[in-house]
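First to last, the sequence lines map onto chains C and G. One point on numbering: in this note's numbering, the residue at position 110 of the first sequence is 164, and numbering is uninterrupted. One point on numbering: in this note's numbering, the residue at position 152 of the second sequence is 560, and numbering is uninterrupted.
In short, the hints are calculated from the structure, not lab data. Remember, predicted model here, so these are calculated numbers, not experimental data. Where hints are given, some of them may not hold.
[Said to hold, decoys possible] Part of the chain G face toward chain C, derived, beta carbon under 10 Å: (1) T452; (2) M543; (3) L545; (4) G713.
[Unchecked claim] What follows is a set of in silico ranges between Cβ atoms, one per label pair, in the way DEER data are often shown: (5) G:S704 / C:R236: 38 to 46 Å; (6) C:D104 / G:R458: 31 to 39 Å; (7) G:V497 / C:V148: 39 to 47 Å; (8) C:T204 / G:E449: 21 to 29 Å; (9) G:D484 / C:A174: 31 to 39 Å; (10) C:I172 / G:M649: 53 to 61 Å; (11) G:G574 / C:A96: 42 to 50 Å; (12) C:P288 / G:E449: 20 to 28 Å; (13) G:I665 / C:V148: 38 to 46 Å; (14) G:I665 / C:Q108: 53 to 61 Å.
Positions of the beta carbon are idealized from the N, C-alpha and C atoms, including for glycine.
Here's the letter readout for the chains.
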Amino acid sequence: MSAADLEVAPLRKPSAIGKVLARWPARVGLAITLIFLLLTVAAPLVVPYDPYDQDLSSALSPPSAEHWFGADQYGRDTFSRVIYGTRTALLAVVVADGLALLLGCAMGLVAGFFGGRIDAVIMRINDVLLAFPYLLLALIIVAALGPGLTHSMIAIGIVYTPQYARLLRGQVLAVREADYVRAARALSASRLRIMLRHVLPNSFTPIMVMATLQAGSVIVETAGLSFLGLGAQPPSSDWGALLADGQSYFLTAWWIATFPGLAIFLVVLGFNLLGDALRDHFDPRRRG
Amino acid sequence: MTRYVISRLGQLVLVLIGVSMVVFLTMHVLPGDVATLLLGERATAAALLRLRHQLGLDQPIWVQYFDFAIRALRGDFGMSLRTHHPAIVDVMDAFPVTLQLSLSALLLATFIGVPLGVLAGTRPGGTLDNMLMSMTLFGVSMPIFWLGLMLLLLFGGILDWLPIGGLMPVGMDVPRTTGMTVVDAVIAGRPDLLLTSLRYLLLPAATLATIPLAMITRITRSEMLAVIGLDHVRTARAKGMPERRVVIRHVLRNALIPVVTVIGLQLGLLLSGAVLTETIFSLPGLGRLMVDSILSRDYPVVQAGALFIALVFVLVNLLVDLSYGLLDPRIRRS
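Please take these sequences and the hints and turn them into a complete structure.
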């Protein structure tokens, strides 16, 4: 082997993603999350029936070759409805988790960067939001806005805002006096520019870790509000609404409530596995 | 320590003012105001105007807020639009049910979670540890409203061992003293009622305990691991102390401080979970009351309930914080 061969074949360093996925829980989490995402897109291709089609002749029929997960009281195919439910769940992640991320990051960034009175006011608002048990806060917001899927997602988004605000504020405080930020300041970069170009990109990783970890909770909470009758309304195929539907029949037709719940459990488990793996990888204190 | 307590109490007052503002404002940005709600959609404009004036809704918003805050301090939130009782009475009637449910769930979670955490923490990486850690992951990923239904299906439906919901069987009542059926049965000296109320409590409490149980197990394990490598533990072992004693006296005692905090902080989770658990098991608790009141737009009760729960939550968090100082002398001094 010549020296040239050695040069073209350097020792391959495993990439960051490779390292995260080195453990099996992370791979399982990623697989579940990907299947979930795939189903949201491919739902119409996967389902054997229209999720809203009623067929009273097969009402309350148990799982069979025809209806894999059985049928509900109107003869709607539970399997199709559960698959379509992935869409509401993903929507919840995008809207609620996204809203919390945007609001929280903006609050944390401003609070950490300006400090002083602005910081104090923002953090007190945070304290007030944290003074409610989280589902209670969501309940009050839904009470104000009125029941409905969009409103419930906004409510959950607001509930999770303080977590991001705290995270980002801490990040900003940590880098505010870093040399490169001081250098940017010395070059008379505007505060907005420093925040958006220097501080925010450095906080990207912890934000993404938190967003993944929160995604699971957001799905459970949104489904929970729908289950209580405050979120998605019938005939929506939201998992929480399906469960609420099945509750009235659970002793005679267990399948209506069982499968949507199982779907929530699996997806949340997927996000949690993935989130845990990401956190363990990026938080050096937890590594090892 | 005294100064710390005083400053914490000051913060508490500020937070409570904020909380009351949130509760007040959310009820005032409603689509359709309270007057329309009370009189119905078909009320005449004159009647609406009169009622708005009566209720002070034509006053500036900050006057309305002060009025609300002062009445709230006296526990006056107005009458429930559904039951026509004072709203606060409905809330206080429902609270013991939620309290009993939350406390029993917390007891279950603690008395199972801490020993499990110790078992896992003393043999990290072992089969038992791996098994327990997988179970805690399942536990925190479980939607409890689904778990509750599945438990009901299994133990209430298929096996028929336990009742499928409610506080007590129809027609069987515990003489009311505290409103908590189990406590009242003990006070009344009726073992039969005690047994029945416990049978009714078991499934809801187990359901609600799931997530706190998983979290307590995890935190106990990780705190055990943090302490077990310390010098004083090695010294204890080196002088020949039996392992059992080392674990209990030297590891667990030190590991428990953060665990106590985590146990205290589960309350928010429990109060949130209680809303769902009470719905599944048809328990007439505060969570169920809040949801029903929201659905029927009974705003006096929603306001009273929300403020009351937030007050309890904030006070418990304060107590947890202070107990942390009592348990750990290093914090007391600083």
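Results for each hint:
The criterion of a C-beta within 10 Å of any C-beta in chain C is not met by T452 of chain G, whose closest approach is roughly 25 Å, and the hint is violated. Of the supplied interface hints, the one on M543 of chain G is violated, with its beta-carbon coming no nearer than about 12 Å to a beta-carbon of chain C, more than 10 Å. Hint status for L545 of chain G relative to chain C: holds, with the closest Cβ pair at about 6 Å, below 10 Å. With 10 Å as the threshold, the beta carbon of G713 of chain G comes within range of chain C, its nearest partner Cβ sitting at about 8 Å, so the hint holds.
For the pair S704 of chain G and R236 of chain C, the beta carbons lie near 58 Å from each other, so the given range of 38 to 46 Å is not met. Taking the beta carbon of each, D104 of chain C and R458 of chain G are about 52 Å apart, not inside 31 to 39 Å as hinted. In this structure, V497 of chain G and V148 of chain C meet the distance hint of 39 to 47 Å, their C-beta atoms being roughly 43 Å apart. Separated by about 24 Å at the C-beta atoms, T204 of chain C and E449 of chain G satisfy the suggested range of 21 to 29 Å.
In this structure the supplied range 31 to 39 Å holds for D484 of chain G paired with A174 of chain C, their Cβ-Cβ distance being about 32 Å. A hinted range of 53 to 61 Å holds for the C-beta pair I172 of chain C and M649 of chain G, which are about 55 Å apart. Checked against the hint of 42 to 50 Å, the C-beta distance between G574 of chain G and A96 of chain C comes to roughly 43 Å, which is consistent with it. The given range of 20 to 28 Å is respected by P288 of chain C and E449 of chain G, whose C-beta atoms sit roughly 23 Å from each other.
Take I665 of chain G and V148 of chain C: their Cβ atoms lie about 40 Å apart, and the range 38 to 46 Å holds. The supplied range of 53 to 61 Å is met by I665 of chain G and Q108 of chain C, whose beta-carbon atoms lie about 58 Å from each other.
Consistency with the previously given hints fails for numbers 1, 2, 5 and 6, ordered from lowest to highest.
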